[in-house]
Amino acid sequence: MSLSGAGMTNIDMNLLVDFSYLISACLFIVGLKLQNRVRTARRGNFLSAFGMLLAIVVTLLLPEVVNYSVIFLMLAMGSAVGFLLAVNVRMTAMPQMVALLNGFGGLASALVSSSEFLRQGTAADTISLVTTMLGVFVGAITFTGSVLAYAKLEGWVEQQPVTFPLQQVLNLILALACLALGVILTGDRNAAWAFWMIAIISSVLGVLLVLPIGGADMPVVISLLNSYSGIAAAITGFVLMNKVLIVAGALVGASGIILCQIMCQAMNRSLVNVMFGGFGKVEGGTASKDGEYTSVKSCTSDEAALVLDGAQNIIIVPGYGLAAGRAQHSIRELQKLLESKGAAVKYAIHPVAGRMPGHMNILLAEAEVPYEQLYEMNDINPEFEQADVALVVGANDVTNPVARTERGSPIYGMPILDVDKARSVIVIKRSLSPGFAGIKNPLFEKENTMMFFADAKAGIDSLAKELKNL
Amino acid sequence: MEAILVAFFIFVLSCFIGFEVISKIPPTLHTPLMSGSNAISGITIAGALLCAGPKDMNATAILGWAAIIFAMINVVGGYWVTDRMMRMFKKK
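Just so you know, the sequences run in chain order A and B.
In terms of the numbering used here, the first sequence opens at residue 1 and continues consecutively.
In terms of the numbering used here, the second sequence opens at residue 1 and continues consecutively.
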C-alpha cells in the first residue's frame with residue numbers, strides 16, 4: 001500500500017471500493033436472512049438499504065466518476081419518483097407496483113449494457129460483447145414483459161390470455177433471430193446495427209411472452225419477472241466485471257425462482273404450463289358443460305349471523321374476491337365482533353389467495369389483523385374438522401374438494417383448503433359463477449353449506465350489523 | 001478469461017446462498033420480500049453511475065443518466081414500500 005504524499009492513489013481507491021462492495025454484498029445477504037422472521041424483518045430491510053447506500057457512495061468516490069452535477073440531478077429525480085410511488089401505492093395495487101419496479105430494474109440493466117456496448121465500440125473482446133448482448137436481451141424482455149403485466153393488472157389491457165396460432169413458433173423464431181444477430185456481431189465488430197436489432201426483438205419478445213398469461217396466473221409471472229430483473233443485474237455485473245452486481249443479482253434471481261416454484265406448486269401446474277398454456281382461456285370454453293348447480297341453499301344475512309353467533313371456532317377463508325372488493329377492513333371488524341362474543345377466529349391463507357405471493361397477508365396486515373392469526377394452508381387444514389364455521393369470502397377454486405377426488409378435473413391434485421370438513425360453511429360470493437379454473441364447485445351444494453350472495457364488503461358489513469343486533 | 005471464470009464462481013455460489021436464505025422466509029413476508037429484492041436488483045445503479053461518470057455529452061453517458069433514474073426508482077421505491085409494509089405487521 002502506498003499512501004504517497006498527495007493522499008490515496010487510484011489503486012488504493014479501487015481496493016477500498018472493492019472492499020466496500022464486499023461489505024454491501026454481505027449486508028444484502030444478512031438483510032435477507034433477517035427477513036425470515038416478522039420481528040426482525042424491518043431491521044433486515046434497513047441493513048439491506050444501508051448496503052445499497054454504501055455501494056452508491058463508494059461508486060461516487062471512484063476516480064472515473066466525476067460528472068457530479070448531472071449525476072446528482074438524476075439521482076434526485078429517480079429518488080423522488082420512487083418515493084412518490086412507494087408512499088402512494090394502495091396495498092391492493094402492490095402487484096402492479098412490483099411489476100413496474102421489476103420492469104425498471106430490467107430497463108436500467110439494458111441501458112447500462114447498451115452504454116457499455118457503445119463505450120467499447122469495435123475494441124470489445126468477445127466476452128464483453130456476448131455479455132452486453134445478453135444484458136440487453138434479458139433486460140429488454142424484463143422491461144416490456146413487466147410493463148404488459150402492469151397494464152394487465154391495472155386493467156388497462158384485457159386480463160384474458162391472448163393466444164393466436166403459431167404463437168410459440170413465432171417466439172422461437174424471434175429468440176433464434178437474436179442468437180443469429182449475436183453470431184453476426186461477434187464475427188463483425190462493425191455490425192452495431194445487430195446489437196440494436198437484438199434490443200428491439202427482445203422488447204417484442206417480452207410482450208409476446210406475457211400476452212398468453214391470464215390474470216390469475218399473474219403471481220407466477222411477477223415472480224418470474226422478479227427473477228429476470230435479478231438475472232439482468234447479474235449479467236450487467238459480468239459486463240462491468242463488478243462483483244457486487246453479480247452477488248446481488250444472483251440473490252434476486254434465486255428469490256424470484258423460489259417464489260415462482262411455490263406459486264406453481266400451489267396451483268399444481270408446471271411453469272411450462274403457466275407460460276405457454278393459455279389456461280384460463282382453454283378451460284373457460286368448457287365451463288358450462290357440467291357447471292349446473294342443482295341443490296344450492298342460499299341464505300340471508302340474519303340466517304348467516306345466527307350460525308356465526310353460536311360458533312366457538314371460526315375459520316375465515318379470504319379469497320381474491322375479498323381483495324377485489326377491498327373488504328379487508330370490514331372482515332377485521334367482523335372478526336373483532338365475533339371475538340367479543342367469545343369465538344376463536346383464525347384466518348386460512350391459501351398461497352395463491354391474492355394476486356402475488358403473500359398478497360393476502362399484506363392486505364390483512366393493513367387492516368391490522370395480527371399476523372399470528374394468519375395460518376398457512378398446511379397448518380390450518382387439520383383444524384377445519386374442529387371448526388364450527390368456515391366463513392369463505394370471495395374464494396372458489398382453492399376450496400373446491402374435487403381437487404382431492406376427481407382425477408379428470410383440471411384442478412385435480414391442486415392443494416386446497418379443506419373447508420368442506422368444517423361443521424358448517426358460509427360462503428359469501430356474488431354469484432355461482434365459476435372461478436378461474438372454470439369448473440363447478442361441489443362445496444356450494446353440500447348440505448352444511450349456506451350461500452350468502454353478496455359483494456364481499458357489503459355482505460360482511462350486513463353480517464356484522466345483524467350480529468350486533470342479536 | 002480467468003476473470004470471467006472467477007465472476008462465474010461468484011455468481012453460482014451466490015445463487016446457492018440465495019436459495020438457502022430465501023427458502024426460509026415465511027409466506028407472510030413474501031410480498032415484502034419481492035419488493036425488497038426489487039430494491040436489491042436496483043444495484044445496477046452502481047453500473048449506471050460508472051456509465052454516467054465521465055464529463056461527456058455522448059450517447060454512452062446519456063444512456064447512463066437514464067439508467068441512474070430507473071435504477072434509483074427501483075432502489076428508493078423498493079426499500080421504502082418494503083418498510084411501509086413491514087411496519088404494518090402487528091402482534092396481537
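Any given hint could be a false lead.
[Unchecked claim] Straight-line Cα separation of at most 25 Å, DSS-like style, residue types lysine-lysine; simulated pairs:
no.	chain 1	residue 1	chain 2	residue 2
1	B	Lys-24	A	Lys-341
2	B	Lys-92	A	Lys-468
3	A	Lys-346	B	Lys-91
4	B	Lys-24	B	Lys-90
5	A	Lys-346	B	Lys-92
For the record, the hints were derived by calculation from the structure and aren't laboratory data.
Given the proposed pairing of B/Lys-24 with B/Lys-90, does the C-alpha separation stay at or below 25 Å? Judged against 25 Å, a Cα distance of about 21 Å means the pair holds.
For the pair supplied as a hint, B/Lys-24 and A/Lys-341, confirm whether the alpha-carbon distance does not exceed 25 Å. Given pair B/Lys-24, A/Lys-341 is violated - Cα atoms ~37 Å apart, limit 25 Å.
Hint consistency between A/Lys-346 and B/Lys-91 [alpha-carbon to alpha-carbon, up to 25 Å]: Between A/Lys-346 and B/Lys-91 the Cα gap is close to 14 Å, so the pair holds against 25 Å.
If you draw a straight line from the CA of B/Lys-92 to the CA of A/Lys-468, is it 25 Å or shorter? At roughly 23 Å apart (the allowed maximum being 25 Å), A/Lys-468 and B/Lys-92 satisfy the hint.
Verify the proposed pairing of A/Lys-346 with B/Lys-92, using a straight-line Cα cut of 25 Å. 12 Å, holds
The structure does not agree with numbered hint 1 stated previously, though it agrees with all others.
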